[in-house]
Amino acid sequence: MAAHETVFNPDDRYNAFLTVCRKAPHSDGKLAGIAVAVKDNISTQGIETTCASKILKGYIPPYDAHVVDLLKQSGAAIAGKTNMDEFGMGTTTENSAFGPTLNPCDTTRVPGGSSGGSAAAIAAGMVRMALGTDTGGSIRCPAAFCGIVGLKPTYGRVSRYGLIAYANSLEQIGPMAGTVSDVSLLMQVIAGYDRRDSTSYNKPYTHTPNPDIKGLTIGIPQEYFGAGVDPRVAEVTKRAIFRLEELGATALPCSIPSMEYALAAYYVTCTSEASSNLARFDGVRYGPAADTKKSWHDAYREVRRAGFGAEVRRRIMLGTFALSSGYYGKYYAKAQIARENVKKDFARIFSEVDVIAGPTMPTIAFKLGEKSDPLSMYLADILTVPVNLANIPAISVPCGKVDGMPVGLQIMGKPFEDERVVDVAFAYEQVAA
Amino acid sequence: MTDAQVIVGLEVHCQLDTQSKLFCGCSTDYRSDGPNTHVCPVCLGLPGSMPVLNKKAIEYAMRVAKALNCSVTDEAEFSRKNYFYPDLDKAYQITQYDKPLAKGGYVEIEADEGSGGKCVQITRIHVEEDPGRLVHMGNAERGRYSLVDYNRAGIPLIEIVSEPDMRSPKEARKFLNKLRATLEYLGVFDSEKEGSLRVDANISIAGSERVEVKNISSYKGVEKALTFEVTRQKNLLRRGRTVKRETRHFLEARGITQSARSKEQEHDYRYFPEPDLRPVNVQSWVAGIVLPELPDARRERFMAQYGCSANHARTLTGELRLANFYEHVVASGQKGLFTLAATWIADTLIGELNYRNMTIDTVQAAPFKKLLEHIQGDECTDKSGVEVLRVMLDTIKQGLPYETPLAILDRLNLRKVSVNITRPFAYGITLKSGVEPNPIMKALSEVLTEQPRAVEDFRKGKKEAFNFLIGHVMKKTRGRADPKELNRLLVEALKNREA
Amino acid sequence: MVTENDVRDIAELADIGINTEELGPFTDQFNAILDYFDVLDRVQGEGSVIRDLSNVMREDVIELSLPQEEVLKNAAFQEDGFIRAPRVM
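Residue numbers (our numbering), protein chains in the order written: chain A, 1 to 433; chain B, 434 to 932; chain C, 933 to 1021.
It is possible that some hints are incorrect.
Ranges of calculated distance between the beta carbons of each label pair, as one might list FRET restraints [unchecked claim]:
no., chain 1, residue 1, chain 2, residue 2, range
1, C, Glu1001, B, Arg464, 45 to 51 angstroms
2, A, Asp373, B, Glu508, 27 to 33 angstroms
3, B, Arg464, A, Tyr193, 31 to 37 angstroms
4, C, Ser986, B, Asn502, 24 to 30 angstroms
Since the hints were made in silico from the structure, they are not lab data. Here the structure is a predicted model, which is why all the values come from computation and not from measurement. The beta carbon of each residue, even a glycine, is placed where N, CA and C say it ideally should be.
With the hints as extra help, turn the sequences into a complete structure.
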């Protein structure tokens, strides 16, 4: 199959890559010879896959994720594995066990996260496209912070088989690239049914972006422009929406009342699932060894104490607590009701509008080390998590700058209308260019 | 205290006999292969792998549900049971928690006391995956390390939970036997496979706390473990102590239960719905399930069709293979064979198999039928028949070449000897040289010569002496003589002597 | 409001291993986060989830397993085809 080879020698001054494949074999196809970077939480056969965690240091998967299979079949060359927040838990890529990734737009700032390595690799021109994963904004946030395009597909549209789970019910693999066209092209390759993922839908993506948005209605939720959102970011975003109106779209105000508790529902859900997902890293089957001279629980505890970073340990404990007897009803069960309410809010708004638009992130990229308190970091995800709770598609496309730093316009769509959000982003990109 | 105060409920885990595992395509036929040869990213719990539900496992579980009179729920769901153990590849077991596949059924068993049956209520049936297998290295006091084999990880199990309706260890065994037979009749379970059944038992003495005994891995173990617990709990109460609510392990080799460590006592499994699987809505499939003949129906039929006694019918139909074997043997046979076969299988063959630790699978119906025909045709005695059967079984067990029952009869010189003399003969006649003496008559004449005292006793009217003489002739002829004929010959010989 | 003892208990349940010096900061962070989670107390509504996918199943067909050496490759210790783990007894 590997008929050709791409030589890949990036100047990775931003610590975007954890593994670089300097000689990447590839075959013919839609992406023939294009170097595609893959986030390090996606399983790649024969290539170390660590999730930026010490607990998986040295783990060489014996199998490819479904999306990696598809990349290879389409002729792409796997350029390497990109840096990220450990297991996807973070908004800055500072939570990597292998050092933070720097934002190519300003190396004193974070690239966003958790797919910060993929975004930086694209922003720095090292690769044309990359795969990211988005659990609560992890594709859209770094896309916004680094000034590139990133799509979180509808849940179930891209197989998660081979994605090392952090929060299964929320996350999706998605395309990231410098342009909407490339995002769309990569989406063509990775979307589609996979029998190995029971949550997979048979909804292939064969779309080519179409910039005609005449007659489109856009919901503008007041919560996306309220307290906690940098007014300058809100202003840049509003201007972008105005450009869409100039193209023939109509903007309508709307409200998502469930956003009051969406972030709490998100964090309860993702930490609960994570507490279960991450329990398997015990140093027995793979990863740094458990000390077999110790007793099981002592060895297990030690592997996890030494192998997980502080944020991962914090989230495992939070999730353990949220699922524990006596608290399940107060936290996990309540979060699922909240999640239903978020879905219902979106369904109600989408009965009146075609897409919803707002800023991707409430601010521009933070300074490295700026967010040291966990809760204030969590609050930065407020505009991206509702999409994951509702399993709908959303794209972030660059829409201007504040303080010289990129701002992302977020377009959210109805379930399985990924094509529509791509079109809207494409329409904007055409006039903004 | 009487047994009526014992309260037992069981949780029975049975491996479903599918081709592939519950959530991946790995083969379930792992028992004769090396460790870790039947695993893939899914059942090894490799990061990123995802489960896909085996439809057959659900169908099998539904068959069981229907046979046990349970109702299949309108929405079942899989949940994660979180606990950390090296044989649990994902650190959680995918099982069913608040939305099991089926609820509320019953199993009929015979009650201990009096006649008639009783119902053991079934609370629920759910589907789950088996963990891997651990081998403990080091000694019992202090292990050195464990060795893990994940071949078993992901084998489909059903857990059948009963209400605490059983009143003695014996009833628990009956329930279990009935369950095993039913599952085998359904073609979803193979009790012969090692480790295919595991039981957790709840047992209490009325008015006291309940004790959970975990990890009982054999049929016999259940009755043993429960009997031990009944004694232990009753002794505690007799001494004025209380029974502690706790989890205990059954140590099969020592036949005792032992309190589990504190870590295992408090389980907070943090169940939540498995996000990688979708709900199961299969209620509408129930109507399409056609159940085969089940043990109770077959037992009735054996009594009606073959005239089996109630006891024989119960024994024969209590295991699927045994019942099939019986029907193979009597197929196209004559009516006389029905009872003979039932008696021989239920009263003789089972015992001989158990003694040799063999299963009925290894025995062919045809040669066994031949043997019965020889017995029926008066070619050998019952006693010789047993001997031939033993040789047949030993031959199978040792993998020796097949020999027909007749050949064995001849080789061992066990063919029934007919004296063929209708006229009474005079004792003491000299045999013509060159003529092979009839072995029975030869033995008879020898015994009469060797045991003059017994002959004398008989003459004096001691009836026991007759049997004593018969016994000696039998011994000499190694059972080949037909007892009826021998009786007649001895009576005549003694008469002749008197004369 | 959780105390350091509560956090220690949670760490025990999670089997995560916690250092004494971590307890204080973790407890403070936990309290801030759990205070924030209290907003969920105000959530009203039905938990019943509308699901559009159900009965996702595969046929009972055997597929290739991994070669044993691939299974053992990532394990630190192996012995006669088994994977070695710490003692549980």
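Consistency of the hints with the structure:
1. In this structure the hint that Glu1001/C and Arg464/B lie 45 to 51 angstroms apart at CB is violated, the actual value being about 21 angstroms.
2. Look at Asp373/A against Glu508/B: about 42 angstroms separates their beta carbons, and that is not inside 27 to 33 angstroms.
3. Judged by the Cβ atoms, the range 31 to 37 angstroms given for Arg464/B and Tyr193/A holds: they are separated by roughly 35 angstroms.
4. Take Ser986/C and Asn502/B: their Cβ atoms lie about 25 angstroms apart, and the range 24 to 30 angstroms holds.
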